[in-house]
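Chemist: Chain by chain, the residues run as shown.
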Amino acid sequence: MFDNNLRGMIDDVKDGRMDRRAFVKRMIAVGLTAPMANQILAIGGVAMAQSPNPYKPTKRGGGGPLKLLWWQGPTLLNPHFATGTKDQDGSRLFYEPLASWDVDGHLNPILAAEIPSIQNGGLSADAKSVVWKLKPGVKWHDGKPFTADDVVFNWEYATDPATAAVSSGTYSGMTVEKVDDLTVRIKFKDPTPFWANAFVGAYGCIIPKHLFAEYKGSKSREAPNNLKPVGTSPYKFVEFKPGDLIRGEINQDYHMPNRPYFDTIEMKGGGDAVSAARAVIQTGEYDFAWNIQVEDEVLLRLEKGGKGKTLYAVGGDIEFIAINFTDPNTEVDGERSSIKTKHPILSDPKVRQALALLVDRESVKKAIYGRAGRTTANYLNGPEEFVSKNTKWEFSVEKASALLDQAGWKPGSDGIREKDGKKLKLLYQTSINGPRQKTQAIVKQAFQKAGIDVELKSVVASVFFSSDVANPDTYSKFYADIEMFQIPMTQPDPALHMRRYHSRNVATKENKWQGSNFPRWVNKDFDAAVDAADTETDPIKRADLYIKCNDLMWQDTVVIPVMHRLAVEACSNTVRPALSGWANQTDNLQDWYRET
Amino acid sequence: MSQYILRRLMIAIPSLLGISLVLFVVLALAPGDPFSELATNPNVPPEVQAALRAKFGLDDPIYLRYLHWLVAMAQGDWGFSFVSRVDVDTLILQRLPTTLYVVGSSQLLALLIAIPVGVFAATRPYSIFDQLANTFAFIGFSLPTFFTGILFILVFSVKLDWLPFVYTEVPGSGIKWALEMIRQAIMPVMVLGLFQAASMTRFVRSAMLDVIRLDYVTTARAKGLGQAKVIVKHVMRNAMIPVVTLIALQIPAVFGGAIVTEQIFRIPGIGSLLISSILANDTPVVMAVTFVFACLVVLFNLIADVLYGWLDPRISFR
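Residue numbers (the numbering used here), protein chains in the order written: chain Z, 25 to 620; chain S, 156 to 473.
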């Protein structure tokens, strides 16, 4: 019913019978948000309106220095090698993608002349190709023109296995060809409803062909410009010291009018998050500090009468507890947590539901995340149109105890539940990180109240997230009963986020534990929904499929969402950054300015 | 003498080889992965992380990796950082001047405080001055630098707003630039220098006290020499022998940087390079920094021994 109405309305907008503002208003009336309404219009074939840009300065430059503090300094400046977000942020100071994600999760053209849509012929109905028109007259910092050849080259560069590019996944499964000097066409092997991955955002940054052509493949490391970027951005490169400092100066030939506002830019690295927050909020030595994962209590104290404040950007990052569906203590063919086994305790859905009832998300939010977290029952928390309204969570020791009683786990003499002479004992692992250890403590307390014995384990992050096949403590080997960490959502689309739990992706010894489905959960309905969504070109049906995926995960208690985490930054009271929960912090750097 | 030095150098080679082997094995056995940050990024398929490991040789057996490293090192190739893909020697040379400036100044400060205070305290043992100097020395070396560092930041940056607590290399030259460089180095140099000065004062004082009681000092006094001349020319000259050794052994630390203090003040020195490389499992950088440090320790031990013989002719080289 709703579906048909919506489709009718989209057609009305397309044919001009209804203006888009009225459409958005109606959508808000039925409980959707404005960005979602816009997204629906865009995929429904109506050109997407970019969010109004609050950029105020009326001339280029004159803004003095902009001082950024990244408590982990960028270590390299080639976007295709960027291992962590810090490197992506650093590279983004000098390189630009075709488009970036704005505050509301819309595409904002940077090097593209316009955002591809069905109207302008950029998108095809079968979702198998995208045509990008490039902005004319864009120059690299060394004066050479930016053309379609550069764009095609970046695809060649990233997909060459000898280059060892981190971005190779972003550019696989497609071919990129030049149509003319200012037009490129991406052809996908399979229908790709979410087409805005290649050449967009962090791994979409484009490096110049004329400086890197010789260094494609195995010589990639030797390129002198790995350390001296020549890009198209508002700031030209001045100096770089890995892990410590990046310095840039204004690009007087920048391709957007009145931009940038600042004359110089500096990104300083090192130290820790608390003192970074202090340098921005309390002493004002710096204008902006990134990723302030500090307890809210500390931030509130710093903010009292300080020179800055904290900013929050809503994305889809989710901190959660995953449940192991296989047995970590039985070895089958030299493999623990083998898909051929069943977890002796947790394969019972009642026990899993009981665990979910014992995670007190409100207390975790109050005690740890504060303004930087939102409680949720969903694994998928954005963008709006993909968020399920069918789920709910609660914290109740009584209900959990009742469920455990039903499942046959009766309290023993020492208060710990047992069944057939076996104790209800769980190993709960996570990476070493202040908030995570505190969450562990809160969860353990509730588990114990319900008669579950919990052993806590924390592993150094560089080991926990390692792909070292020989190491038993990695999250993907999952030699524990439950484990907790965060999976970020790097783009406003759930495809990659949800595909992870497809049964073909189960982590096994055979795939060297590279399978992304680490809970080793297998569900035919989920597989079918993910497969269908992967090629579904109807945006509304596609969103429904992902909501279904989320709901299946919720019904089956595959993961217990602990916190929908927001990105926290510290910012001077006068600087107006352009941030988005769907992009890196520096992704819209051209729009930053200072209020005077 | 030259034979002695030559022999010592020859002995140094196997010990350095041994050190490098131990370092390498410990680093290789330490679990972890320089590419762990990629793990949760849904944009990067897990195969990419595994391909990078294979490409950088992290999946090879340890003995093979060690041999590769040794052969390359012998040819002057220090390898490249897994994290920044920059040559290791470039990284180290980039960081060295800052460490030399900050840690060097702090050592100098420590000497400038320790020698006069230690000497003066030793000439008047158990006087008020000596008691005060002792008390401060005890306080000084019982307070760790991470504590004094944060205390200084709270007092001088946050409360008084006099000094910046983030150390950055400012571009430019001229007097204004020099003043800025000094201003931002004040706190870290103080923190490190005072800590060093505290223990060194105690050392100078006891070295002086050992000598000041000897008969030849009494003789010098009996000859009618003035107090200043006795202390400076007769006592200090001999008392300084162990102090010189101590200083010589401190010099490798000047090159090695100060891990904690550099981290607190964000000083881009060798110490912060080392700690961030350790945290990132960046083996080639950790290996190079620690190995250079080991070489310096061996070298300055030798220098200290040679100096000892030169200062005290009673010691002969055999």
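Treat the hints with care, since some could be wrong.
In silico BS3-like pairs for lysine-lysine, Cα to Cα no more than 27 Å straight-line [as the list claims (entries may be wrong)]: (1) Lys233(Z) <-> Lys210(S); (2) Lys240(Z) <-> Lys331(S); (3) Lys501(Z) <-> Lys210(S); (4) Lys314(S) <-> Lys243(Z); (5) Lys210(S) <-> Lys252(Z); (6) Lys446(Z) <-> Lys468(Z); (7) Lys446(Z) <-> Lys536(Z); (8) Lys384(S) <-> Lys328(Z); (9) Lys210(S) <-> Lys333(Z); (10) Lys210(S) <-> Lys533(Z); (11) Lys331(S) <-> Lys331(Z); (12) Lys331(S) <-> Lys536(Z); (13) Lys473(Z) <-> Lys443(Z); (14) Lys314(S) <-> Lys331(Z).
Worth flagging that the hints you see were computed from the coordinates, not collected in a lab.
Computed from a predicted model, the values in this text were never measured in an experiment.
Chemist: Give a verdict on every hint.
Modeler: Tested hints:
1. With a CA separation close to 24 Å, the supplied pair Lys233(Z) and Lys210(S) stays within the 27 Å bound.
2. Of the pairs offered as hints, the one joining Lys240(Z) and Lys331(S) is violated, with about 44 Å between alpha carbons and a cut-off of 27 Å exceeded.
3. About 22 Å separates the Cα atoms of Lys501(Z) and Lys210(S), which keeps this hinted pair within 27 Å; it holds.
4. With a C-alpha separation of about 52 Å, the suggested pairing of Lys314(S) with Lys243(Z) is violated against the 27 Å cut-off.
5. This hinted pair checks out: Lys210(S) and Lys252(Z) have alpha carbons roughly 24 Å apart, not beyond 27 Å.
6. In summary, the hint linking Lys446(Z) to Lys468(Z) is supported, as the alpha carbons are separated by about 19 Å, within the 27 Å threshold.
7. Pair hint Lys446(Z) plus Lys536(Z) does not hold up; C-alpha atoms about 32 Å apart against a cutoff of 27 Å.
8. Between Lys384(S) and Lys328(Z) the CA atoms are separated by roughly 60 Å; this puts the pair beyond 27 Å, and the hint is violated.
9. In summary, the hint linking Lys210(S) to Lys333(Z) is not supported, as the alpha carbons are separated by about 44 Å, beyond the 27 Å threshold.
10. Between Lys210(S) and Lys533(Z), the direct Cα distance comes to roughly 21 Å. Compliance with the 27 Å bound is thereby established for this hinted pair.
11. With a C-alpha separation of about 26 Å, the suggested pair Lys331(S) and Lys331(Z) falls inside the 27 Å cut-off, and the hint holds.
12. With a C-alpha separation of about 58 Å, the suggested pairing of Lys331(S) with Lys536(Z) is violated against the 27 Å cut-off.
13. As the CA atoms of Lys473(Z) and Lys443(Z) are separated by approximately 17 Å, the hinted pair is consistent with the 27 Å bound.
14. Straight-line distance between C-alpha atoms of Lys314(S) and Lys331(Z) comes to about 13 Å, which keeps the hinted pair within the 27 Å bound.
Going through the hint list in order, the structure does not satisfy hints 2, 4, 7, 8, 9, 12.
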